[in-house]
Amino acid sequence: MSKTILTVDDSASMRMLLKASLTAQGFTIEAANDGRHGLERMHEVKPDLLITDINMPEMDGFELIEAVRAVPEFRGLPILVLSTEFSDEKKARARGAGATGWITKPFDAAKLGTAIRRVCP
Amino acid sequence: MSDDLDDIQAIFFEECAEGLTTAETGLSAMNAGDVSAGVIAGVFRAVHSIKGGAGAFGHAALTAFSHRFENVLD
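Top line first, the protein sequences correspond to chains A and B. Here the first sequence is numbered in this note's numbering, starting from 1 and rising by one per residue. Here the second sequence is numbered in this note's numbering, starting from 1001 and rising by one per residue.
Rather than coming from a laboratory, the hints here were simulated on the basis of the structure. Among the hints, erroneous ones may be present.
Selected chain B positions facing chain A (in silico; Cβ < 7 Å) [claimed, not checked]:
1) Phe-1012
2) Thr-1025
3) Leu-1027
4) Ala-1029
5) Gly-1033
6) His-1048
7) Lys-1051
8) Gly-1053
9) Gly-1055
Across the chosen pairs, the derived CB separations fall in these ranges [to be verified]:
10) A:Ser-87 to B:Gly-1033: 23 to 31 Å
11) B:Ala-1037 to A:Asp-88: 30 to 38 Å
12) A:Ala-92 to B:Glu-1024: 20 to 28 Å
C-beta: ideal position from N, C-alpha, C; glycine also.
With the hints as extra help, turn the sequences into a complete structure.
This is the structure:
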């Protein structure tokens, strides 16, 4: 059965690019446009994986990850950060918040698919 | 997926126009003396978003420029 992924990114073109790239690899994609919307969608979609950007209005990716991890049913959920940021400080902050992994934009669709299958077999 | 990609890239260019408007508004406010964290964050986010899309669509010069722009704001 197809894995459902919730992607959270404030850029419409990035959401569409992710959807096109990952749908072609057999994943079911749902989307949200910022952290707050993402947290609402988490409860509706109950995805197998969350992929989130970091720099977003309203609620950023760090806050979203912390909020998701605070929900008991999402404590074991794999969470990948997908961001143009690449500093060790921000990666450490994401890990501390509960992120499973970090992928730097621009992403390679095949490599992203491989990373997804690794954390979400 | 190339037709899809062209359509998505067209949306990215629209986002660039919106981002440039946001950045211009913020930079004008900064030039007028408002250097609050919120104004700087707004400009940063706009430039950051342009950088992300530029990288995704292979616009190397725009990626490099927006990266330098970000560093100035950081």
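Hints, verified against the model:
Checking B:Phe-1012 against chain A by beta carbon gives a least distance of about 4 Å; that is within 7 Å, so the hint holds. The criterion of a C-beta within 7 Å of any C-beta in chain A is not met by B:Thr-1025, whose closest approach is roughly 15 Å, and the hint is violated. For B:Leu-1027, the interface hint is violated, the least distance from its beta-carbon to any beta-carbon of chain A being 18 Å, above 7 Å. For B:Ala-1029, the shortest C-beta to C-beta distance to chain A is roughly 17 Å, which exceeds 7 Å, and the interface hint is violated.
With a cut of 7 Å, the hint placing B:Gly-1033 at the interface with chain A is violated, because the nearest CB-to-CB distance is about 24 Å. Hint on B:His-1048 holds. Least Cβ distance to chain A is approximately 5 Å, under the 7 Å limit. For B:Lys-1051, the interface hint holds, since its Cβ comes within 7 Å of a Cβ in chain A; the closest pair sits about 6 Å apart. At about 5 Å, the closest approach between the beta carbon of B:Gly-1053 and any beta carbon in chain A falls short of 7 Å, and the interface hint on this residue holds.
Checking B:Gly-1055 against chain A: minimum C-beta separation of about 4 Å stays under 7 Å; hint holds. Roughly 30 Å separates the CB atoms of A:Ser-87 and B:Gly-1033, a value that falls within the hinted 23 to 31 Å. Our hint of 30 to 38 Å for B:Ala-1037 and A:Asp-88 is violated, since their Cβ atoms are close to 23 Å apart. A beta carbon spacing of about 34 Å between A:Ala-92 and B:Glu-1024 contradicts the range 20 to 28 Å that was offered as a hint.
The structure is inconsistent with the numbered hints 2, 3, 4, 5, 11, 12, although it conforms to all the rest.
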